[in-house]
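In order, the protein sequences belong to chains A and B. Counted from 1, the first sequence has number 166 at position 174 by the numbering used here; the numbering is strictly sequential. Quick note, the numbering used here runs 2 ahead of the 1-based positions in the second sequence.
These are calculated hints, taken from the structure and not from any lab test. We put the beta carbon where it would ideally sit given N, CA and C, even for glycine. Among the hints, a few may not be true.
Said to hold, decoys possible - Listed below are the simulated DSBU-like cross-link pairs for lysine-lysine, each with C-alpha atoms no more than 35 Å apart in a straight line:
| id | chain 1 | residue 1 | chain 2 | residue 2 |
| --- | --- | --- | --- | --- |
| 1 | B | Lys182 | A | Lys179 |
| 2 | A | Lys193 | A | Lys166 |
| 3 | A | Lys157 | B | Lys28 |
| 4 | B | Lys182 | A | Lys203 |
| 5 | B | Lys28 | A | Lys151 |
| 6 | B | Lys28 | A | Lys231 |
| 7 | A | Lys100 | B | Lys182 |
| 8 | A | Lys203 | A | Lys100 |
| 9 | A | Lys146 | A | Lys157 |
| 10 | A | Lys140 | B | Lys28 |
| 11 | A | Lys203 | A | Lys168 |
| 12 | A | Lys273 | B | Lys182 |
| 13 | A | Lys168 | B | Lys28 |
| 14 | A | Lys157 | A | Lys231 |
| 15 | A | Lys179 | A | Lys100 |
| 16 | B | Lys182 | A | Lys113 |
| 17 | A | Lys203 | A | Lys166 |
| 18 | A | Lys140 | A | Lys179 |
| 19 | B | Lys182 | A | Lys35 |
| 20 | B | Lys28 | A | Lys113 |
| 21 | A | Lys146 | B | Lys28 |
| 22 | B | Lys28 | A | Lys100 |
| 23 | A | Lys35 | A | Lys146 |
| 24 | A | Lys273 | B | Lys28 |
| 25 | A | Lys203 | A | Lys151 |
| 26 | A | Lys35 | B | Lys28 |
| 27 | A | Lys113 | A | Lys157 |
Unchecked claim - Partner residues are not named here, just some residues of chain A that face chain B (Cβ under 7 Å, in silico):
| id | residue |
| --- | --- |
| 28 | Thr52 |
| 29 | Leu161 |
| 30 | Phe162 |
| 31 | Ser163 |
| 32 | Thr164 |
| 33 | Asp276 |
| 34 | Thr279 |
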Amino acid sequence: MANPVPSACCVVLAAVVVVYAQRHSQQDSHIQYERVGADVTMKCGSMDWDAAVTWTANGTDIDESHLNGSYLILKNVDLTQSGQYSCYEGSSWHLKYQTYLRVGTPPKEPVLMCRSNSYPKGFYCSWHLPTPTYIPNSFNISVIHGTKEMVCEKDVFPKNRCHIKYLQLFSTVKYKVTLTVTNALGKNSTTLTFDEVAIVKPDPPESVVAKPVPNNPRRLEVSWQNPSSWPDPESFPLKFFLRYRPLILDQWQHVELSDGTSHTITDAYAGKEYIIQVAAKDNDIGTWSDWSVAVHATPWTEEPKHLTTEAQVTETTSASTSSFMPPPTTKICDKGAVVGSGAVAVCWTAGLVLAAYGVLFI
Amino acid sequence: MAAADSPSAALRRRDLCSRGIRLAGKMRADVIDLLDTYVERQGLDASASVAAVEGVPVAAVERWDEQTGTQRLLENLAAYRAFRVLLAQMLEEHREQLGEADTTLGRALAAVLLQVSAFAYHLEELLRLESRGPPSEEGAAPPPVPQLGLFERKLRGLGVLRELAQWAVRSVRDLRQLAKASPGSSSAPGWAESP
């Protein structure tokens, strides 16, 4: 006698396949875009108004209160109502209609910016929307110089940027850049008009380094490099603006430098940690870059000379000129705090007492 | 050209380029100030678009980096000689129009005219150093003064000054390229070009 179990399984499997096929036959599936706040009416394909149907949203049955006959009515839609809507014939559960509802907004005026950080090679424009639309958008940019339309090569990443090569230099004719953003619910655009030199703004200087100067308690040596995006600093030299301040003060000191990529600060407060930044600008045109990454440095300080006493440990003669790690004994007998020879004796006595306590209790 | 390549000639060339860069930089600053004065005194909108003005040398250039030193000097010289004539015409028209009533603009125009003349002379010196010599101006008739209404003349003046400001920027760049290029170099932006 044949085993009935495999046969029963086959029958069940076949039934499932048939039902699934029926449910997804004759489907009419597409994407539907609607504005936030709109009232949406969905028809169940070619079904009559009075046909018995069932609507689902993302697989969940929709209550009949949202139906007008076989039409699905969604009032004042919001973003949470985006999803897949399906309509099934009442008794047979045949899928009669399916749509993907995307609720969104038409685009607001886009924000467009153009800048040349690689003069005289070219410039780039980048853009974004001030608020999301929640549906796909497409962007089209046009660049016109006089009567000539120029090509803006789109970057692979980020996607909202493109580059234009200068075909002419020293032109007084302005560039006109128009960006249009379009989606299924509307479009918007913005235009920028500028001349060649107005948008020139280098990237900040790179590799800023600040170091103390040995045996000079008020000096800091600062060096930096031209931004790597600036293609020809020899023919198009940059000038620099350096600012520095001790961390304990808010006021910056400024120095403008017309050539070279280094500078020595000569008026630093001894022993104080400084914060230093550099900015760059083309020597002749455009605007200043943003400030570079900040670097910190403290001027050189002399190591205090140790007095020889019975409690004195072996003197270490460090050749280090760094002022970042002063010897611990200076915390107690800070030279800066000394006002007379009597105070020196009191100071060292206190140090010896503390050292003795340390030996006893460690 | 042995003389052009001698060490003293190279030093003189570098010196002339450095001084020329400073002259052009000062000239540009003064032209920008003059532009502000001109726009204000002539009652114009600073952002007004001016179509290309006939007879005004255009600073815009394609493949600027591929130009030879001689090309740069010759183009610069031709431009500043033309500006010398244009500015003289503007000054004359200004005096006819206002007499001595507006000395501020008149003085500013005259000062820039002087700088333009000095810069043209400087460029001639550079060309002489190249043993090429500047092209002669003799026999070249000045361009006819176009018959324009008052407003058109004002706009034309605006176009002249804007283009002059751009030329001043270009001249700084050109002289920097000249100073960079070593004499007798085989690289493209060199001094000499074969006849």
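Here's how the hints hold up against the structure:
1. B:Lys182 to A:Lys179: Violated - the C-alpha atoms of lysine 179 of chain A and lysine 182 of chain B are around 51 Å apart, more than 35 Å.
2. A:Lys193 to A:Lys166: holds (17 Å)
3. A:Lys157 to B:Lys28: holds (30 Å)
4. B:Lys182 to A:Lys203: holds (32 Å)
5. B:Lys28 to A:Lys151: violated (43 Å)
6. B:Lys28 to A:Lys231: Roughly 17 Å between the alpha carbons, so the hint for lysine 28 of chain B and lysine 231 of chain A holds.
7. A:Lys100 to B:Lys182: The hint is violated at about 50 Å.
8. A:Lys203 to A:Lys100: Given pair lysine 203 of chain A, lysine 100 of chain A is violated - Cα atoms ~50 Å apart, limit 35 Å.
9. A:Lys146 to A:Lys157: holds (12 Å)
10. A:Lys140 to B:Lys28: This hinted pair holds, its Cα atoms lying about 33 Å apart.
11. A:Lys203 to A:Lys168: Distance ~46 Å between lysine 203 of chain A and lysine 168 of chain A Cα, so the pair is violated.
12. A:Lys273 to B:Lys182: holds (21 Å)
13. A:Lys168 to B:Lys28: holds (30 Å)
14. A:Lys157 to A:Lys231: holds (24 Å)
15. A:Lys179 to A:Lys100: holds (8 Å)
16. B:Lys182 to A:Lys113: holds (19 Å)
17. A:Lys203 to A:Lys166: Judged against 35 Å, a Cα distance of about 45 Å means the pair is violated.
18. A:Lys140 to A:Lys179: holds (25 Å)
19. B:Lys182 to A:Lys35: Violated: lysine 182 of chain B and lysine 35 of chain A sit about 76 Å apart, past 35 Å.
20. B:Lys28 to A:Lys113: Within the cut-off at roughly 26 Å; holds.
21. A:Lys146 to B:Lys28: Violated, because 40 Å separates the two Cα atoms, which is more than 35 Å.
22. B:Lys28 to A:Lys100: violated (46 Å)
23. A:Lys35 to A:Lys146: With a Cα-Cα distance of about 41 Å, the restraint between lysine 35 of chain A and lysine 146 of chain A is violated, given a limit of 35 Å.
24. A:Lys273 to B:Lys28: holds (18 Å)
25. A:Lys203 to A:Lys151: This hinted pair is violated, its Cα atoms lying about 40 Å apart.
26. A:Lys35 to B:Lys28: Not satisfied, since the Cα-Cα distance of roughly 75 Å exceeds 35 Å.
27. A:Lys113 to A:Lys157: holds (6 Å)
28. Thr52: Given a least distance of 59 Å, the restraint on threonine 52 of chain A is violated.
29. Leu161: Result: holds, 5 Å to nearest chain B Cβ.
30. Phe162: With a minimum Cβ separation of about 4 Å from chain B (threshold 7 Å), the hint on phenylalanine 162 of chain A holds.
31. Ser163: With Cβ-Cβ at 4 Å, under 7 Å, it holds.
32. Thr164: For threonine 164 of chain A, the interface hint holds, since the closest Cβ of chain B sits about 5 Å away, which is under 7 Å.
33. Asp276: holds (6 Å)
34. Thr279: violated (15 Å)
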